[in-house]
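Listed in order, the protein sequences are those of chains A and B. Here this note's numbering is used: the first residue of the first sequence is 1, the next is one more, and so on. Here this note's numbering is used: the first residue of the second sequence is 122, the next is one more, and so on.
Simulated from the structure, these hints should not be mistaken for lab results. Keep in mind that the hints are not guaranteed to be accurate.
The calculated lysine to aspartate or glutamate pairs, modelled on EDC-like cross-linking and capped at a C-alpha distance of 16 Å, are [stated by the list, open to error]:
(1) A:LYS91 x B:GLU303
(2) A:LYS93 x B:GLU303
(3) A:LYS3 x A:GLU114
(4) A:LYS117 x B:GLU303
(5) A:LYS118 x B:GLU298
(6) A:LYS91 x B:ASP301
Take a look, some chain A residues computed to stay more than 12 Å from chain B by CB distance [claimed, not checked]:
(7) ASN40
(8) SER63
(9) LEU80
(10) ALA99
(11) GLY101
(12) PRO109
All residues carry an ideal CB built from backbone N, CA and C; glycine is no exception.
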Amino acid sequence: MSKTILAVDDSGSLRQMVSFSLKAAGYGVVEAVDGQDALNKAKLQQVDLVLTDQNMPSMDGLSLIKALRGMKNYQKVPILMLTTESGDDMKAKARAAGANGWLVKPFDPARLNEVVKKLIG
Amino acid sequence: MNDIPSGEQMNVQVTHLLSNISVHGDQHLAEVESDLVQMDVLLDEAIKKLCASFMAIHRTVDLQQEALNGLLADGLPVSEYAARFEALRGEISQHVGAAVTGLQFQDMTSQLIGRMARHLDGLRDVFGALDVDGLVPPESGNEALRAALDNISDRVTTRFSELEGVVRSTVNQRHMESGDIELF
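The shape of chain A in the complex, shown without the other chains:
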């Protein structure tokens, strides 16, 4: 059974490209438009990895990571940030919140898939 990834971004075109890239590599993808939507979907369906943007309405990426890490079934699920931001302070905050990695946009599909494969196979 293919692994499922929760792709969170408020940009529809970005979600579409993430989804296209991951599906081409054989992963299942659930899309969410912001942190709150992602949290609701993560509660409904257990996913194997979360790939989230940082700046989003309703709930940002850091808050989403903190909320997920507070849930028993998401304490060990890999969470990656995919964002336009590249500041060390933001990376440190993400790391402290429980993120497993930081990817700066724009992403290259092959490199994204390599990282995902490394984390969940």
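Assemble chain B onto chain A, guided by the hints.
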């Protein structure tokens, strides 16, 4: 300020207000200008990347067709062409990947546009705060005008400080090359 004659006091107030508007207005317009330059660079690189990717995809599809024509004409076993088709498929994937990277300009430019819009909204608020229509009746004296100037100055300062906190740039990219990856 009360020791200064009222005419001079008003001059000071007006000068302070105009200077405040000039300095802060210039700062915000400089941010908008910088975002526009950044957006221009990103769009230029993205369109070049997309053009190159689509032309490369087109060339590779032509090669695929040539290989297919060769296969049909020669009547050779498919296995002999399998490696060639596999290589072409890999090449197409690579070009599509580059196009996907180029297409992400929309996400970045939309964030820059959002930031510029907030700067311009803020500047509109500042100019709105300068509207003295009805604030100082024509028959009123210098005291009323000074109070009105104080009031305008306070509103302008408040609008500018509100604007500064909400427009941090979240887009640092100056190129459309794929970004860094760091695993913790």
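Hints, one by one, checked against the model:
1. A:LYS91 x B:GLU303: Given pair LYS91 (chain A), GLU303 (chain B) holds - Cα atoms ~9 Å apart, limit 16 Å.
2. A:LYS93 x B:GLU303: Given pair LYS93 (chain A), GLU303 (chain B) holds - Cα atoms ~14 Å apart, limit 16 Å.
3. A:LYS3 x A:GLU114: Between LYS3 (chain A) and GLU114 (chain A) the Cα gap is close to 14 Å, so the pair holds against 16 Å.
4. A:LYS117 x B:GLU303: 15 Å, holds
5. A:LYS118 x B:GLU298: 22 Å, violated
6. A:LYS91 x B:ASP301: The hint holds at about 12 Å.
7. ASN40: For ASN40 (chain A), whose nearest Cβ neighbour in chain B is about 23 Å away, the distance exceeds 12 Å, so it holds.
8. SER63: 16 Å, holds
9. LEU80: Answer for LEU80 (chain A): violated, closest chain B Cβ roughly 8 Å.
10. ALA99: Answer for ALA99 (chain A): violated, closest chain B Cβ roughly 6 Å.
11. GLY101: 4 Å, violated
12. PRO109: Contrary to the label, PRO109 (chain A) does not stay out of reach of chain B, its closest Cβ about 4 Å off (not over 12 Å).
Of the numbered hints given earlier, the model fails hints 5, 9, 10, 11, 12; all others are met.
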